[in-house]
Amino acid sequence: MTEPIDIATLVAARQAGYSLPAPFYTDSDIFRHDLELIFGRHWIYVGAEPEIPDAGDFITVDVGSASVLMARDDEGRIRAFHNVCRHRGARLQQAGRGVLGNIVCPYHQWTYNLNGELIHCKHMGADFDRSGFGLRPVHVENLAGLLFICMAAEPAPGFDALRTAMEPYLQPHDIPNTKVAHQSDLIEMGNWKLTMENNRECYHCVGSHPELLVSLLEYGFGYAPSPQNTKQIQGFNELLAREHGRWEGYGLPSREIDRLEDVTGFRAVRLPIARSGESQTPDTKVASSRPLGAYTHADLGGLSFWTQPNSWHHVMSDHVVTFSVRPLAPGRTLLRTTWLVHKDAQQGVDYDLERLTSVWIATNKQDGALIERAQQGIASLAYQPGPYSPFTEGLVEKFCDWYIGRLGAGLKDKR
Amino acid sequence: MTEPIDIATLVAARQAGYSLPAPFYTDSDIFRHDLELIFGRHWIYVGAEPEIPDAGDFITVDVGSASVLMARDDEGRIRAFHNVCRHRGARLQQAGRGVLGNIVCPYHQWTYNLNGELIHCKHMGADFDRSGFGLRPVHVENLAGLLFICMAAEPAPGFDALRTAMEPYLQPHDIPNTKVAHQSDLIEMGNWKLTMENNRECYHCVGSHPELLVSLLEYGFGYAPSPQNTKQIQGFNELLAREHGRWEGYGLPSREIDRLEDVTGFRAVRLPIARSGESQTPDTKVASSRPLGAYTHADLGGLSFWTQPNSWHHVMSDHVVTFSVRPLAPGRTLLRTTWLVHKDAQQGVDYDLERLTSVWIATNKQDGALIERAQQGIASLAYQPGPYSPFTEGLVEKFCDWYIGRLGAGLKDKR
Amino acid sequence: MTEPIDIATLVAARQAGYSLPAPFYTDSDIFRHDLELIFGRHWIYVGAEPEIPDAGDFITVDVGSASVLMARDDEGRIRAFHNVCRHRGARLQQAGRGVLGNIVCPYHQWTYNLNGELIHCKHMGADFDRSGFGLRPVHVENLAGLLFICMAAEPAPGFDALRTAMEPYLQPHDIPNTKVAHQSDLIEMGNWKLTMENNRECYHCVGSHPELLVSLLEYGFGYAPSPQNTKQIQGFNELLAREHGRWEGYGLPSREIDRLEDVTGFRAVRLPIARSGESQTPDTKVASSRPLGAYTHADLGGLSFWTQPNSWHHVMSDHVVTFSVRPLAPGRTLLRTTWLVHKDAQQGVDYDLERLTSVWIATNKQDGALIERAQQGIASLAYQPGPYSPFTEGLVEKFCDWYIGRLGAGLKDKR
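Chains as they are written, first to last, in my numbering: chain S, 2 to 416; chain G, 2 to 416; chain F, 2 to 416.
It is possible that some hints are incorrect.
[What the hints assert, rightly or not] Far from chain S, some chain F residues (derived; all Cβ distances over 12 Å):
{"hint": "1", "residue": "10"}
{"hint": "2", "residue": "122"}
{"hint": "3", "residue": "215"}
{"hint": "4", "residue": "262"}
{"hint": "5", "residue": "384"}
[Unchecked claim] Distance condition first, Cα-Cα at most 30 Å in a straight line; then the derived DSSO-like pairs of lysine-lysine:
{"hint": "6", "chain 1": "G", "residue 1": "415", "chain 2": "G", "residue 2": "180"}
{"hint": "7", "chain 1": "S", "residue 1": "232", "chain 2": "S", "residue 2": "180"}
{"hint": "8", "chain 1": "S", "residue 1": "123", "chain 2": "F", "residue 2": "366"}
{"hint": "9", "chain 1": "F", "residue 1": "366", "chain 2": "F", "residue 2": "286"}
{"hint": "10", "chain 1": "S", "residue 1": "180", "chain 2": "S", "residue 2": "344"}
{"hint": "11", "chain 1": "G", "residue 1": "413", "chain 2": "G", "residue 2": "286"}
{"hint": "12", "chain 1": "S", "residue 1": "366", "chain 2": "S", "residue 2": "286"}
{"hint": "13", "chain 1": "F", "residue 1": "232", "chain 2": "G", "residue 2": "232"}
{"hint": "14", "chain 1": "G", "residue 1": "413", "chain 2": "G", "residue 2": "180"}
{"hint": "15", "chain 1": "S", "residue 1": "344", "chain 2": "S", "residue 2": "366"}
{"hint": "16", "chain 1": "F", "residue 1": "286", "chain 2": "F", "residue 2": "344"}
{"hint": "17", "chain 1": "S", "residue 1": "286", "chain 2": "S", "residue 2": "344"}
{"hint": "18", "chain 1": "G", "residue 1": "180", "chain 2": "G", "residue 2": "286"}
{"hint": "19", "chain 1": "G", "residue 1": "366", "chain 2": "F", "residue 2": "123"}
{"hint": "20", "chain 1": "F", "residue 1": "413", "chain 2": "F", "residue 2": "399"}
{"hint": "21", "chain 1": "S", "residue 1": "232", "chain 2": "G", "residue 2": "123"}
{"hint": "22", "chain 1": "S", "residue 1": "123", "chain 2": "F", "residue 2": "123"}
{"hint": "23", "chain 1": "F", "residue 1": "399", "chain 2": "S", "residue 2": "123"}
{"hint": "24", "chain 1": "S", "residue 1": "123", "chain 2": "S", "residue 2": "232"}
{"hint": "25", "chain 1": "G", "residue 1": "399", "chain 2": "G", "residue 2": "232"}
{"hint": "26", "chain 1": "S", "residue 1": "366", "chain 2": "G", "residue 2": "366"}
{"hint": "27", "chain 1": "G", "residue 1": "344", "chain 2": "S", "residue 2": "399"}
{"hint": "28", "chain 1": "G", "residue 1": "344", "chain 2": "G", "residue 2": "366"}
{"hint": "29", "chain 1": "F", "residue 1": "232", "chain 2": "F", "residue 2": "344"}
{"hint": "30", "chain 1": "F", "residue 1": "232", "chain 2": "G", "residue 2": "399"}
{"hint": "31", "chain 1": "F", "residue 1": "399", "chain 2": "F", "residue 2": "415"}
{"hint": "32", "chain 1": "F", "residue 1": "413", "chain 2": "F", "residue 2": "366"}
Rather than coming from a laboratory, the hints here were simulated on the basis of the structure.
Here a beta-carbon is modelled for each residue, glycine too, at the ideal position from N, C-alpha and C.
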């Protein structure tokens, strides 16, 4: 326990089918490797296009000690830069969001345009070559209104495949023409991987999520048939086939795509919603009377979309709820949840904020408590990896496989 | 100062008769070794039997990042388990005390009985062998009502000798038939060894503990005769012999036992109380009118009992006050103090809570302030180990000897 | 990023003309070296003589985890000792200031006189040689009322040269006959070197310090002529020459001394003040009607005095404002600011506290915010050292040169 951790050895020794050894959740050196090799080198979901609708709008995105400034430039393109002045390193923007003309460092007023070029700095002399001191760019991609960044010099491969596969699923919902109805930041007292593992199974739903289970049919969330529930899963699959047929008749791709093993890994499927079949609300009816995109049916189920290593999204006929996970410390994680409705929907007229947000606000809080308990137990000397359920935790296993594989690859590259 | 600490070298270099070098009080690597090799391998005092009087009652015990669930099973036996689910490691019980039927993990409802057996878990398949996933047991011993645990696979030797020696001293006071009148948790801003060293001498009493000194005769607490006080100690020893004779006449073993050097080290002696001779109260008279055990004399002095590495206890005719020390961080320690009175004593009728607890609440607070000052000074670059008084700090030295010896033995085992 | 830092390599690789690599501001191992090799071995400014005007007066000075007790003894000499008892290491004085007869450790009442001699301790036996257990002394120097300590066994060389050079500048202002009108402690959320670098340039003044710029002529603070401002600097230099002539006519040495590269490095110059030319106040008029020393002219400008590694001072005709920087953690620094006025000046009669202190209270707060931003940006993976302005950041560069040189020398000594 007190000897320095050899991460490569731990990676190589990982036992399939079991939760990870404790250091992956608690060790500060592994956490630094997570920031460098996982969050520093892969495509990270950071927000939705409607968070920066107009030229000059910006948000900042903090991942570990990194901070990224993401802004829409005057031509409407979305740009991302490290939020660090090239002079003496001051953080350029501290606020989480706002509007910018140029980017002016408050320390010595070095000034960058929204292309990141250093356009003005005093006292540096006539020979100073400003072109060598532009802001360090960060790769950014806009997937049908969902914004991803990659902080590596060479971006991780596979975003094109993600786009090709997912645009047909997402575009009909016209996320660029939504607006942010609400955003919540929850700090969970656990490692970011516990947040992700918790998201990748619904084994815990029955015991913890009464609000969510009104609308959610758990068999859509990573269940495999077992002797105990063959019949129920068969029934669910018949419903799924029927609904997929109906939705695809509307032009809405619905079938499961599982590319979780890719470097830019993801999974998606359109799933039925219980009861009225409309939305993840307390009564399963739509929360907003303004449907998204060109569709007027309320009962379009929910398109669920998961990405490695840090996001998930549920897209319904009336709203989108989208989740971005950000590691803060080995035992502390930010979960940012954003609710999107049609950009013309009016609060109090077309939607009620409480009805829109209450299910996931309750569910996030419940998950946060479970994640904290898991972190507490895992931090104990007595913890040893335990077995995943082959029937309900297959997607947790896939997350761990991806993580261990990508960490191992990153370690090899460093040598 | 900035080079990594070589603990084995520090252990070997320890200078007898002097306080320990600073890293033993401040270094986080030594702290982890303390948790692993001292608290993880020795018998630790954690509470009194009356804290869990009935079947299903439990307490949790946190030591560093470890958490132990201690419960009374349906047959009345006391059991202890690591408070960690065998599935994905969630902490089973967060509350410090309560009542349990079975132990149900709140994450995925894995269910254990009070024998620690996994009796129920969903979705693990027909082939899953539950017997391999019982809770990890922790050794537990009940010494006449005082509860000790050992977290090592193979418990530390010597508990039988402790029991043989101490049961005759403790049993007459019938601790199992007491109840908890009060419990206080004090967080001291110092290393746990400073808490222990402070307990093992009364050199500091005169300057700091006015309330305690009303009832306490300091010469019973680690004093050796010196030219300055030969006479006083002789007088004290005559009193001691007289009282020992009287108490042993009642069937109460009283003479000093010093086995502080044993692996399961301890010391005990029955000591006179000043003035009325009854109890550690503001006026030295009993605090509770219901005597413990079968004895009706109020003036039975106080049986003091100390164990390595983390406890001390004072047993009087009317009440017991018992102290359990738990390391939280290199510079932070929990001191849990519990006051026990006869189980039929009624608050406000048979005892007044303020009278019962005020001496040790004041004394603990004073000690906490001294321990904080010691930690502050020792954390300074300028600290160097200082000399123990040969006349008043012999038991501090014995504590340090034990600690250094046990740490050294543990380091050898690890190699 | 995750490999252990090799400090000597970083020191050797430092690029001239650029800000320091991130670990110098963020790494805890480098911070410990800063405490040991920079603050532990050099002359540190810690306070002004009027803070301890009478026999028995003391202050404590905390630098990292070290604490120093500085007191005036019965003969009026100023003494400094490590604030650590030689018995079991308790901190002797927790309060920041007060009055002492002897120094009595509150733990076991070991008692030292103000010469640091152990004059009384109980229970140590007849053979105990108290003379081996005096308080560990700290070197102290009083430079015309400004107090410096050196915690090394052998004090850093160069204090005599500092005294010879600076006494003629400082003595006319008679600091020993001032009193503390106000003292403020500001905790800045950045590394101590960012506090120092920020002090060593006025490039940032225009954008951040409206209150200070009323009285301050920025060209006195580290500017070099550039094509853009040759004329202004020429004008400033003519003013400077004129004023230096006038002040030296009064017997006030005024010309710049730059010994920043010395082991005991410093710089001083008397600078004109804008508008009425009197004092760093909101309207540039004196804040106190009692002039310091024997001078009755109000327009004496301001003698600015900077020392490596941790202080700066502005001495005007009516008051002194003096700054002591103390590292608390890699990203946390205490800035103690003290305002001194004539010892007979009466608050509300001779000076108004708000007028006296408002400029630097506002300026310190602004600087603290800039330093926090710099720390945030530098802590990001994306930070890379940036270029100093050759025209306004030459003194920042000199600070970094001194620091890197002294750290390198200290590392060599350790080997």
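Hints versus structure:
The beta carbon of residue 10(F) is kept farther than 12 Å from every beta carbon of chain S, the shortest such distance being approximately 18 Å. Look at residue 122(F): its CB is around 38 Å from the nearest CB on chain S, clear of 12 Å, so calling it non-interface holds up. A cut-off of 12 Å between C-beta atoms confirms that residue 215(F) is not in contact with chain S; the least separation is 20 Å. At roughly 22 Å from the closest C-beta of chain S, the C-beta of residue 262(F) stays outside 12 Å, upholding its exclusion from the interface.
Look at residue 384(F): its CB is around 5 Å from the nearest CB on chain S, not clear of 12 Å, so calling it non-interface is violated. A threshold of 30 Å between alpha carbons decides the hint, and for residue 415(G) with residue 180(G) the separation of about 42 Å lies outside it, so the pair is violated. Among the hinted pairs, residue 232(S) with residue 180(S) is inconsistent with the structure: their alpha-carbon atoms are about 41 Å apart, more than 30 Å. Pair hint residue 123(S) plus residue 366(F) holds up; C-alpha atoms about 24 Å apart against a cutoff of 30 Å.
For the hint pairing residue 366(F) with residue 286(F), the CA-to-CA distance comes to about 23 Å; that is within 30 Å, so the pair holds. Between residue 180(S) and residue 344(S), the direct Cα distance comes to roughly 5 Å. Compliance with the 30 Å bound is thereby established for this hinted pair. As the CA atoms of residue 413(G) and residue 286(G) are separated by approximately 50 Å, the hinted pair breaks the 30 Å bound. Under the criterion of a C-alpha separation no larger than 30 Å, the hint pairing residue 366(S) with residue 286(S) is consistent with the structure, at around 22 Å.
Simply put, residue 232(F) and residue 232(G) have alpha-carbon atoms about 90 Å apart, too far for the 30 Å limit, and the pair is violated. Pair hint residue 413(G) plus residue 180(G) does not hold up; C-alpha atoms about 43 Å apart against a cutoff of 30 Å. Pair hint residue 344(S) plus residue 366(S) holds up; C-alpha atoms about 27 Å apart against a cutoff of 30 Å. Of the supplied pair hints, the one linking residue 286(F) and residue 344(F) holds, its CA atoms being roughly 20 Å apart against a limit of 30 Å.
Taking the CA atoms of residue 286(S) and residue 344(S), the gap is about 20 Å. The hint holds against a cut of 30 Å. A C-alpha spacing of about 20 Å is found between residue 180(G) and residue 286(G), which places the hinted pair at or below 30 Å, so the restraint holds. Pair hint residue 366(G) plus residue 123(F) holds up; C-alpha atoms about 24 Å apart against a cutoff of 30 Å. Between residue 413(F) and residue 399(F) the alpha-carbon distance is near 21 Å, which keeps this suggested pair within the 30 Å criterion.
For the hint pairing residue 232(S) with residue 123(G), the CA-to-CA distance comes to about 16 Å; that is within 30 Å, so the pair holds. Using a Cα cut-off of 30 Å, the hinted pair residue 123(S) and residue 123(F) is violated, with the two alpha carbons roughly 68 Å apart. A hinted pair counts as satisfied when its Cα atoms are at most 30 Å apart, and residue 399(F) with residue 123(S) qualifies at roughly 20 Å. For the hint pairing residue 123(S) with residue 232(S), the CA-to-CA distance comes to about 74 Å; that exceeds 30 Å, so the pair is violated.
A C-alpha spacing of about 25 Å is found between residue 399(G) and residue 232(G), which places the hinted pair at or below 30 Å, so the restraint holds. For a cut-off of 30 Å, the pair hint linking residue 366(S) to residue 366(G) is broken: about 38 Å separates their Cα positions. For a cut-off of 30 Å, the pair hint linking residue 344(G) to residue 399(S) is broken: about 56 Å separates their Cα positions. Of the pairs offered as hints, the one joining residue 344(G) and residue 366(G) holds, with about 27 Å between alpha carbons and a cut-off of 30 Å not exceeded.
The suggested pairing of residue 232(F) with residue 344(F) is violated, with an alpha-carbon distance near 42 Å, which exceeds 30 Å. Taking the CA atoms of residue 232(F) and residue 399(G), the gap is about 78 Å. The hint is violated against a cut of 30 Å. Note on residue 399(F) and residue 415(F): the hinted pairing holds, with a Cα-Cα distance of about 24 Å set against a maximum of 30 Å. Of the supplied pair hints, the one linking residue 413(F) and residue 366(F) is violated, its CA atoms being roughly 38 Å apart against a limit of 30 Å.
Violated hints for the displayed structure, listed by number in ascending order: 5, 6, 7, 11, 13, 14, 22, 24, 26, 27, 29, 30 and 32.
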